[in-house]
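There are 2 protein chains.
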Amino acid sequence: MLKELTVENFAKELASKSPAPGGGSAAALSATLAASLSSMVFNLTIGKKAYENLKDAEKECIINALKKTEVLREEYLDIMQEDTTVFLKVMDAYKMPKDSEDEKNLRKIKIEEAYKLALEVPRRLSEKCFELYKYIEIAAKYGNANAISDAGVSALMIQAALEGASLNVKINLASLEDIKLKETLLKETNTLIKEGSIKKDAILKIVENKIGA
Amino acid sequence: MLKELTVENFAKELASKSPAPGGGSAAALSATLAASLSSMVFNLTIGKKAYENLKDAEKECIINALKKTEVLREEYLDIMQEDTTVFLKVMDAYKMPKDSEDEKNLRKIKIEEAYKLALEVPRRLSEKCFELYKYIEIAAKYGNANAISDAGVSALMIQAALEGASLNVKINLASLEDIKLKETLLKETNTLIKEGSIKKDAILKIVENKIGA
Numbered sequence: 270m271l272k273e274l275t276v277e278n279f280a281k282e283l284a285s286k287s288p289a290p291g292g293g294s295a296a297a298l299s300a301t302l303a304a305s306l307s308s309m310v311f312n313l314t315i316g317k318k319a320y321e322n323l324k325d326a327e328k329e330c331i332i333n334a335l336k337k338t339e340v341l342r343e344e345y346l347d348i349m350q351e352d353t354t355v356f357l358k359v360m361d362a363y364k365m366p367k368d369s370e371d372e373k374n375l376r377k378i379k380i381e382e383a384y385k386l387a388l389e390v391p392r393r394l395s396e397k398c399f400e401l402y403k404y405i406e407i408a409a410k411y412g413n414a415n416a417i418s419d420a421g422v423s424a425l426m427i428q429a430a431l432e433g434a435s436l437n438v439k440i441n442l443a444s445l446e447d448i449k450l451k452e453t454l455l456k457e458t459n460t461l462i463k464e465g466s467i468k469k470d471a472i473l474k475i476v477e478n479k480i481g482a
Numbered sequence: 270m271l272k273e274l275t276v277e278n279f280a281k282e283l284a285s286k287s288p289a290p291g292g293g294s295a296a297a298l299s300a301t302l303a304a305s306l307s308s309m310v311f312n313l314t315i316g317k318k319a320y321e322n323l324k325d326a327e328k329e330c331i332i333n334a335l336k337k338t339e340v341l342r343e344e345y346l347d348i349m350q351e352d353t354t355v356f357l358k359v360m361d362a363y364k365m366p367k368d369s370e371d372e373k374n375l376r377k378i379k380i381e382e383a384y385k386l387a388l389e390v391p392r393r394l395s396e397k398c399f400e401l402y403k404y405i406e407i408a409a410k411y412g413n414a415n416a417i418s419d420a421g422v423s424a425l426m427i428q429a430a431l432e433g434a435s436l437n438v439k440i441n442l443a444s445l446e447d448i449k450l451k452e453t454l455l456k457e458t459n460t461l462i463k464e465g466s467i468k469k470d471a472i473l474k475i476v477e478n479k480i481g482a
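So the sequence lines, in the order shown, correspond to chains A and B.
So the first sequence is numbered by my numbering: it starts at 270 and just counts up by one.
So the second sequence is numbered by my numbering: it starts at 270 and just counts up by one.
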């Protein structure tokens with residue numbers, strides 16, 4: 270399991286000539302770190318003086334946000350593994366025999382199937398990245414002022430993850446023959462990048478204003 | 270050592286209410302992954318058919334780039350640790366006694382010193398992030414077409430690292446009393462963000478064109 274590697278060995282494995290883990294898993298790890306940073310901001314906020322002065326509804330909102338970022342953190346970590354698993358399936362499909370016409374046809378079908386499966390993982394990741402913004406916004410608005418830069422880094426890393434996942438959707442799409450699916454997914458992924466980017470900029474504005482540097 | 274934690278435990282530790290590791294170390298890890306991805310692109314390029322058809326000077330350029338990304342990967346990983354170490358020194362300075370006027374003055378001096386030290390680490394990180402662009406460009410131009418999305422994710426993650434490090438420079442700057450140093454560093458860090466962003470966009474353009482989705 271990738272998550273059981275040390276940070277040092279994960280980086281080594283990523284750098285190696287083995288194609289998996291690759292950018293998809295790295296994007297998922299970026300998302301994991303983004304969720305972790307938001308969790309940290311909430312953990313450094315709850316119970317502090319400024320927090321105690323908030324309204325009950327606001328406190329509940331923060332506690333709920335922490336629960337969600339913790340769930341997302343685990344989900345991103347699972348996707349990190351999944352991305353590598355489905356990528357290896359594409360590689361397996363390419364290794365199928367292609368001597369007879371029947372073999373060639375079967376191989377082609379299996380490759381198309383494997384790519385469709387492979388693109389579903391970064392597609393899901395990009396959608397799940399977008400979900401985190403709701404909670405980073407809460408971290409930026411209500412979070413401990415000393416940890417406000419961490420909410421900013423969370424936004425930067427989730428957008429890198431979202432766009433990184435989208436690049437993986439696109440490279441898998443390029444190998445597909447299903448034109449209609451290609452068009453739909455391309456439009457969907459570009460919209461998500463744009464909307465994510467707007468969220469990121471809005472959060473960074475809040476953060477920079479609070480830092481006041 | 271942070272790099273000896275498993276990926277899963279690093280994410281847990283980052284999410285915890287202990288303020289270190291925080292966004293500075295997360296940014297350094299993002300840089301580490303960015304360098305790893307560029308290394309992977311070179312490792313998946315060297316020795317392949319398309320590579321063998323390149324001119325000797327181009328081959329040499331790629332081999333040299335791999336050496337550099339491997340050095341940077343180690344350096345970012347060291348900075349990940351260093352950021353946490355210097356942050357803990359700021360915390361220590363705040364814990365100094367402040368009963369007498371002498372103690373108060375000494376504490377104030379030590380806090381200012383600790384912040385100056387603490388901001389040097391993300392400042393160095395942001396500069397070292399910018400260095401990677403030179404090699405990601407080579408990966409995007411000459412890299413194995415099947416791994417071209419990885420060059421794109423590398424650019425996304427190094428810019429997240431650069432901007433994340435810059436937020437950490439800024440939050441430390443905000444605590445400084447040295448106005449002149451503040452102005453100089455703020456200008457420097459904003460220039461670096463802007464120039465990095467231009468590099469990132471140029472690389473993503475090459476990558477998207479090559480993917481052709």
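It is possible that part of the hints are untrue.
One copy or any two copies: either way a pair holds, since identical chains are not told apart in the list.
What the hints assert, rightly or not - Dumping the calculated DSSO-like pairs for lysine-lysine here, alpha-carbon to alpha-carbon at most 27 angstroms:
(1) K367 with K336
(2) K281 with K358
(3) K463 with K479
(4) K474 with K463
Everything labelled a hint here was simulated from the structure, so no lab data went into it.
Treat the numbers as computed from the prediction; the structure is a model and nothing was measured.
* Asked: Checking K474 and K463: alpha-carbon separation at most 27 angstroms within a copy, between copies, both or neither?
  -> both (17 angstroms within a copy, 15 angstroms between copies)
* **Within, between, both or neither, where K463 and K479 count as close if Cα-Cα is 27 angstroms or less** => Both ways: K463 and K479 sit 25 angstroms apart in one copy and 21 angstroms across, limit 27 angstroms.
* Asked: How do K281 and K358 come out at 27 angstroms by Cα distance, when the copy is not named: within, between, both, or neither?
  -> Within one copy only: 22 angstroms inside a chain, 30 angstroms across chains, cut-off 27 angstroms.
* Intra/inter-copy verdict for K367 and K336 if alpha-carbon distance must be at most 27 angstroms -> Neither: 50 angstroms inside a chain and 38 angstroms across chains, both beyond 27 angstroms.
This entry does not satisfy hint 1, going by the numbered hints stated previously; all others are met.
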